[in-house]
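Novice: So you can see what is in the structure, the chains are spelled out below.
Number of protein chains: 4
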Amino acid sequence: MHRLILLMNCPDKKGIIAHITNFIHDRKGNIVYIDQYVDRLNETFYMRVEIEVDMSNNYFNDFRNEFDKTLGDKFKLKCEFYLKEEKPKMAVFVSKYDHCLYDILSQHKSNNLNCIIPFIISNHIDLEVVAKRFEIPYYHIQVEKGSKEKAEKIQIEILKNNKVDFIVLARYMQILSPKLVDLYKNKIINIHHSFLPAFPGAKPYHSAFKRGVKIIGATSHYVTDELDGGPIIEQDTVRVSHIHSVNDFISKGEDLERIVLIRALKLHTDRKVMIDNNKTIIFN
Amino acid sequence: MHRLILLMNCPDKKGIIAHITNFIHDRKGNIVYIDQYVDRLNETFYMRVEIEVDMSNNYFNDFRNEFDKTLGDKFKLKCEFYLKEEKPKMAVFVSKYDHCLYDILSQHKSNNLNCIIPFIISNHIDLEVVAKRFEIPYYHIQVEKGSKEKAEKIQIEILKNNKVDFIVLARYMQILSPKLVDLYKNKIINIHHSFLPAFPGAKPYHSAFKRGVKIIGATSHYVTDELDGGPIIEQDTVRVSHIHSVNDFISKGEDLERIVLIRALKLHTDRKVMIDNNKTIIFN
Amino acid sequence: MHRLILLMNCPDKKGIIAHITNFIHDRKGNIVYIDQYVDRLNETFYMRVEIEVDMSNNYFNDFRNEFDKTLGDKFKLKCEFYLKEEKPKMAVFVSKYDHCLYDILSQHKSNNLNCIIPFIISNHIDLEVVAKRFEIPYYHIQVEKGSKEKAEKIQIEILKNNKVDFIVLARYMQILSPKLVDLYKNKIINIHHSFLPAFPGAKPYHSAFKRGVKIIGATSHYVTDELDGGPIIEQDTVRVSHIHSVNDFISKGEDLERIVLIRALKLHTDRKVMIDNNKTIIFN
Amino acid sequence: MHRLILLMNCPDKKGIIAHITNFIHDRKGNIVYIDQYVDRLNETFYMRVEIEVDMSNNYFNDFRNEFDKTLGDKFKLKCEFYLKEEKPKMAVFVSKYDHCLYDILSQHKSNNLNCIIPFIISNHIDLEVVAKRFEIPYYHIQVEKGSKEKAEKIQIEILKNNKVDFIVLARYMQILSPKLVDLYKNKIINIHHSFLPAFPGAKPYHSAFKRGVKIIGATSHYVTDELDGGPIIEQDTVRVSHIHSVNDFISKGEDLERIVLIRALKLHTDRKVMIDNNKTIIFN
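Line by line, the protein sequences are chains A, B, C and D. The first sequence begins at 1 in the numbering used here and counts up by one. The second sequence begins at 1 in the numbering used here and counts up by one. The third sequence begins at 1 in the numbering used here and counts up by one. The fourth sequence begins at 1 in the numbering used here and counts up by one.
Derived from the structure by calculation, the hints contain no laboratory data. Among the hints, a few may not be true.
Said to hold, decoys possible - Below 27 Å or equal to it, Euclidean Cα-Cα: the simulated DSSO-like pairs (lysine-lysine) are: (1) Lys-28(A) x Lys-69(B); (2) Lys-69(C) x Lys-109(B); (3) Lys-13(B) x Lys-272(A); (4) Lys-69(C) x Lys-28(D); (5) Lys-210(B) x Lys-28(D).
To be verified - So, partial list: chain A residues that the calculated Cβ filter (under 10 Å) puts toward chain C: (6) Arg-40; (7) Asn-42; (8) Leu-196; (9) Lys-203; (10) Ser-207; (11) Lys-210; (12) Phe-283.
Virtual Cβ for every residue (Gly too), placed ideally from N, Cα, C.
Sequences and hints are given; from them, build the entire structure.
Specialist: Set out below in structure tokens:
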């Protein structure tokens, strides 16, 4: 038995669910998970389905083609098809902070992160020691004023050669060019160290400290051209008080960052995230 | 347009969802909400559906009868049918604590609780003043050693005369007889002032204080014959520390109690709770 | 035995604590609570002390005078002195929303809020019914374009006649004039329905919905001339997801608002809040 | 400048704080942190003080001796003295689960855990690979029915040879003998995978699943002879729902376990924990 995951969306219309569930039923698929959501403002229908099925020969391709032909046409339905057993390839970008990287690699080794990590890219040499600890190739690509374009060219080459499916910026402190963002649209996941939209950009812990907030947060989101403005996947918060210094904010915040980022990565690799304009739909 | 809510369960089988969604589609119902859950251990299928439909004449009764006849038979499907506009009647039982009662009556006045409150029953006279403030009839029925059976007889008469749908024990400090519990099976909601199953029974805040826990909780559950052992609807927790006295525990806990109880009541009155053996399924 | 509460601050210097604790010790005061905080950036020392003492005759005045004379001079120490048994007077300003008002009045009736509520002021007549329920005088003072100054004059007269100690804006939807803010500096408490500094100003739930956040919040703060920019007393957050509409945000948010506002009021009336520039120090 | 940390307790009495702060003031110590707590039930006074001081020659020993002689005698005061720069030695015991171990070693490498890790002990060979990754000696000491006493003898020898200060059981699935517990009284930290006192002992996630709780937890505590009954250092919780299987409980719970254990270890290594009968006082 195999597991097939379908992520679909289309303009909302009566009878969609009935048609889709019939289609699956007719092909001996057993629906083990179904969840749907209708965005009433944009009148768009979103659904995630997991199917258990005995998948011989060309089942997967036939299923996909027939699905697109019949339902795709009838409902203007767009669908992504995934086999659960096929792990996506995730490139890891880091800078000098090691807490998120350690968490990603540890969770990966503990089999809690359903992906392949072909390599780590960094603009600094510092974390090569961590990469070595976990036996992952490490590319040190310096990014300096004026050399950014050149660096990105090398990065893209490595990404393409490795057929990377998505990228995680695990506290990579550089802003990516629109070109790279466009190349991996909705496939670059960032962790921002504040409760967005409060404190976007640089030094959010310092700003939070200055404002005297009683709670700080972390936010994982897809990267778009707007700085820290992309669709939010996951957020969490932790209480602080007047006794905490900026360094305490940073220390508590780093614990949040790694938790929030790991959660976002699990949701993404488990194919539980869909994007609805600038928001995410999380089928969890 | 009316809203119809269906809560159903049956032994799990292939094709159920397709059949149900077809049935609704054929009767011009527009599914605005669908959520399902399969209990794999007991191989039972649970689903909640909300339908928007133009409901003329005998639509509701016809829908119900045909549903039971076709799907009920075919899948051994049991279904409850509710019209969203029909508010359930909730009896409130209290003792001497007023915090949950104030919250229930305030939320009710603010239209946040979709029910009718025909009366309040108490074994003490203390909270009559609160009932008067909110113009709700108040029955003072003393419960003393030996008189419990007699008191319950009066309570049941009032409940029946008012055609009460369900009961909330808003810190009613008495244990109900199996007879009354049986009469309103899965229809009596209690708030227990601990994070169950820790500290069941009397004086949980004192026990929590003694144990030196760092977090206390509150639990709202359906009442069964096992003390504080019924299906849990909602729980929440709050941090405490060594600086807090038993009275601080009580004060923080009371805030939790009212929040947790109100949430449970909203879930129940919005028909979002199903019971799966001794657990709840919350379609939220 | 009486309880005396001291809130003090001065430039940080070695030996302060020793001097203060000696002073109290010499006057037969038993320190039942002591907590201090040093703002290292501004080199300012803050301390809260609770003393149990047998307080005959002129003890309170003598204590205060001697304290100011000896320690005030020596350390440039400023100190506020409170008797725990003296309840502050709180004016309540509301508009049309009743959820915070119900909570304040209920908690007050349940003896969970250590203050006197002499009256409620509103620019609308709607909540007079709630005031009546709880037997609190209600002043309906219309605030219209052009009449704001006149309205505030009446408000201030009522505030002064009643010797009000502080004001709570329990979802009072008007911006106060700098004059009124100045008159009750650090004595006006507002509840803002977002996690500040995200979404200040009008319609924060709509903005949060549009941004697709996964957590919403509420913030209680002292009012300053900067809109939603004053010292934060308390914040809290609750999770939301794509399934929640703007109305769900509002409903979940209102529950937060009342919890956060009540907590802030308890801290303020228990004399546990000090202000350090634009931040609060909470001795809890 | 050095940092000196004092943890003290004695029977509660008037004037203690004044005497202690005077003592420190006289020895040119600058109090940078002071927090105290009085257990009113047991009439015991607890205090934690951090001092910044220019510490030449025999300052530390002299300070300690004089402190014990004057204040120790006068108030029956017991005090522990620590130099912040001296890191305690922590032995790590594990079994087969790697999530807590990875977190401890990663946080240690990131300089977030103020201790030395001289070695790891395990009753299984499985996690040797992790130890190697982080270059920590790994002792595989089998514990089988009948051989437990022998195994513990070897463990104790290693502990003593390494002058270990405290032990962390990072999901070490064995019950220690009273002898070992006694040898490291209040110096063995365990992580239990439930919200104690709910679900002590084996398989708590299975029990929580069976009970249908809506929140699960993790608890870090000092080990005593009563199974999972020792003083609680830290707890935290996370929401679950009917859709989560036992495996989901385990997965969510493991994230909690590592967070809660790390927090407890930070508190312990930062000398912020005192023990008051079977409770902890956390000066944080």
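Novice: Mind listing which of the numbered hints don't hold for this structure, in increasing order?
Specialist: 2, 5, 7 and 9
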